[in-house]
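Order-wise, the sequence lines are chains L and E.
Position 111 of the first sequence, counting from 1, maps to 471 under this note's numbering, and the rest follow consecutively.
Position 202 of the second sequence, counting from 1, maps to 219 under this note's numbering, and the rest follow consecutively.
Hints listed in this document are in silico derivations from the structure and should not be mistaken for laboratory results.
It is possible that some hints are incorrect.
SDA-like, lysine to any residue: derived pairs with alpha carbons at most 25 Å apart [what the hints assert, rightly or not]:
no., chain 1, residue 1, chain 2, residue 2
1, L, LYS423, E, LEU27
2, E, LYS42, L, HIS494
3, L, LYS442, E, LYS74
4, L, LYS442, L, LYS560
5, L, LYS423, E, THR207
6, E, LYS42, L, THR450
7, E, LYS246, L, ALA429
8, E, LYS34, E, LEU148
9, E, LYS246, L, ASN466
10, E, LYS246, L, GLN493
11, L, LYS560, L, LEU431
12, E, LYS34, L, THR450
13, E, LYS246, L, LEU431
14, L, LYS423, L, MET361
15, E, LYS47, L, GLN493
16, E, LYS246, L, CYS375
17, L, LYS442, E, LEU113
18, E, LYS74, E, THR207
19, L, LYS442, E, THR207
20, L, LYS423, L, LYS442
21, E, LYS42, L, ASN466
22, L, LYS442, E, SER218
23, E, LYS47, L, ALA429
24, E, LYS74, E, SER218
25, E, LYS42, L, ALA518
26, E, LYS42, L, GLU456
Facing chain L, according to a computed beta carbon distance under 8 Å, are these residues of chain E, among others [stated by the list, open to error]:
no., residue
27, LEU27
28, ARG39
29, GLN46
30, THR49
31, VAL52
32, ARG98
33, GLY107
34, THR108
35, ALA111
36, LEU113
37, VAL189
38, SER192
39, LEU196
40, SER218
Being a predicted model, the structure only gives us computed values, none of them experimental.
All C-beta atoms, glycine included, are put in the ideal place defined by N, C-alpha and C.
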Amino acid sequence: MLEVQGLTCFRQNRCLFAGLNFVLSEHQICQIEGPNGAGKSTLLRAILGLFRADEGQIIWSGKSTTQQAELFLQQVFFLGHKFAINSDLTPWQNLEFWSALNPTQNDDFASALTKVGLTGLEHIPCHSLSAGQHRRVALARLWLTNTKLWVLDEPFTAIDKSGVQLLQQRFNSHLTSGGMILLTSHQDLSQEFAQLHTIKLTDNTGEII
Amino acid sequence: MNNLSTSKPLSYWSAFKSIFIREIKLAWQKPTQLVQPVVFFLIVVTLFPLGISPAPKTLQMIGPGVIWIAAILAIMLVVERLFRQDYQEGTIEAWLLSTVPMSLLVGAKLLAAWFISCSVLVLITPVLALLMNIETHVIPALMLSLLVGTPILLFVGAIGNALTVGLNQGGVLLSLLVLPLYIPVLIFATSLIEAATLNMSYTGQMSILISMLLVSCFFAPVAIAAALKNTVN
């Protein structure tokens, strides 16, 4: 269970959100909404410890994440705004190097790349792929990872309709197997996920709906 | 299909190896990065006889110093873009979120960077030494000093790069930060070569260089990891 307690973040002397509280438990998906610059990405990064929050703490299964950073990171998958795909390496190599540093259920890169529709493109450098395909390489990791908490920053950007559907299917199977998902997106996801929680970031404080 | 409990064990050694191999593959795919410092090193040294004097005595006198300064400048080129691509593509963030210690990953990258960019500088030094009319008995000392000295330059420079990689015009700041720190290395290295020229023992200078190398080997990865964490914030 992920628990955010009194999280406050400032950026350039501007308060993005103050005293934000929410809980995310197994089988739950939570969407963070808000206009551009509201602090959605900062919130995700603060939860992971990539951004130093000014106040508040993140509790993971009963203990603060700063006290058990390694244990927490072992169970988190993050897909950020920059998605750590080296453009000079091939999709295959990118997955290979990623899996050496991250917990995975298996190293079946071929089937992961097939899932995201990159069959036949495994061994060409990523810089010759389109923006959407580039993104699909990053998303192929979702079929390899075995972490519990997925933190995804705009996972649907540059992805076509069938790709979005595929991702939603993967999200659902992750949720049924006891996972949790925290994501930012401008799309309306209430149709696809019955149990969707939403956090709206506005001018100053997050309000939970 | 998805079992959240089973996981392939992560080993630090295989993570270290994978970063090392990744760097070598990247260098292989982008040979300009491999060739550029070497060509720069060669050209800078070749310019000195043309610019100062081709007289053998003059060259012999300035030769070791010129080679060392050219090596410093060539390494500045390497250091300047060391973490740039990884930072821009988000790889640094991914490393920070891995359970493998960041300093270990940084260490692997630095070791690979030394093999890719600096080892060649040491290897082509004899050719340049002949060009600069340096006496043959001095060449081993010159090579040894570069062998021990270049990793120090690389590690210290990498700290500067890690601190400035998030800035738009980090290059200028990098030289201001890093070049003064290269002075002690240059002083002891040239003093070592001078002793070798006079047929004196240079173990003293060598010990100092080696101790600097050990200190930088030990502290640089930790400092770089902390600097990168701060840059990403």
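Verification of the hints:
1. L/LYS423 to E/LEU27: Holds: L/LYS423 and E/LEU27 sit about 23 Å apart, inside 25 Å.
2. E/LYS42 to L/HIS494: Holds, at roughly 19 Å.
3. L/LYS442 to E/LYS74: Given pair L/LYS442, E/LYS74 is violated - Cα atoms ~56 Å apart, limit 25 Å.
4. L/LYS442 to L/LYS560: Distance ~23 Å between L/LYS442 and L/LYS560 Cα, so the pair holds.
5. L/LYS423 to E/THR207: 55 Å, violated
6. E/LYS42 to L/THR450: Measuring from Cα to Cα gives roughly 11 Å; hence the hint holds.
7. E/LYS246 to L/ALA429: 14 Å, holds
8. E/LYS34 to E/LEU148: Judged against 25 Å, a Cα distance of about 38 Å means the pair is violated.
9. E/LYS246 to L/ASN466: 29 Å, violated
10. E/LYS246 to L/GLN493: With Cα atoms ~29 Å apart, E/LYS246 and L/GLN493 exceed 25 Å; violated.
11. L/LYS560 to L/LEU431: Measuring from Cα to Cα gives roughly 29 Å; hence the hint is violated.
12. E/LYS34 to L/THR450: 18 Å, holds
13. E/LYS246 to L/LEU431: Holds, because 19 Å separates the two Cα atoms, which is no more than 25 Å.
14. L/LYS423 to L/MET361: 10 Å, holds
15. E/LYS47 to L/GLN493: Since the Cα atoms of E/LYS47 and L/GLN493 sit roughly 22 Å apart, the hinted pair holds (cutoff 25 Å).
16. E/LYS246 to L/CYS375: 22 Å, holds
17. L/LYS442 to E/LEU113: 14 Å, holds
18. E/LYS74 to E/THR207: 17 Å, holds
19. L/LYS442 to E/THR207: Violated, because 45 Å separates the two Cα atoms, which is more than 25 Å.
20. L/LYS423 to L/LYS442: 29 Å, violated
21. E/LYS42 to L/ASN466: 23 Å, holds
22. L/LYS442 to E/SER218: Between L/LYS442 and E/SER218 the Cα gap is close to 54 Å, so the pair fails against 25 Å, i.e. violated.
23. E/LYS47 to L/ALA429: With a Cα-Cα distance of about 36 Å, the restraint between E/LYS47 and L/ALA429 is violated, given a limit of 25 Å.
24. E/LYS74 to E/SER218: Within the cut-off at roughly 23 Å; holds.
25. E/LYS42 to L/ALA518: 28 Å, violated
26. E/LYS42 to L/GLU456: Holds, at about 13 Å.
27. LEU27: With a closest approach of 6 Å, the E/LEU27 hint holds.
28. ARG39: 5 Å, holds
29. GLN46: Since the shortest Cβ distance to chain L is 5 Å, the answer is holds.
30. THR49: Cβ of E/THR49 sits 11 Å from chain L, so the hint is violated.
31. VAL52: This hint is violated: E/VAL52 lies away from chain L, its Cβ roughly 16 Å from the closest one there, beyond 8 Å.
32. ARG98: 13 Å, violated
33. GLY107: Given a least distance of 3 Å, the restraint on E/GLY107 holds.
34. THR108: 5 Å, holds
35. ALA111: 4 Å, holds
36. LEU113: 7 Å, holds
37. VAL189: 23 Å, violated
38. SER192: 27 Å, violated
39. LEU196: 30 Å, violated
40. SER218: 46 Å, violated
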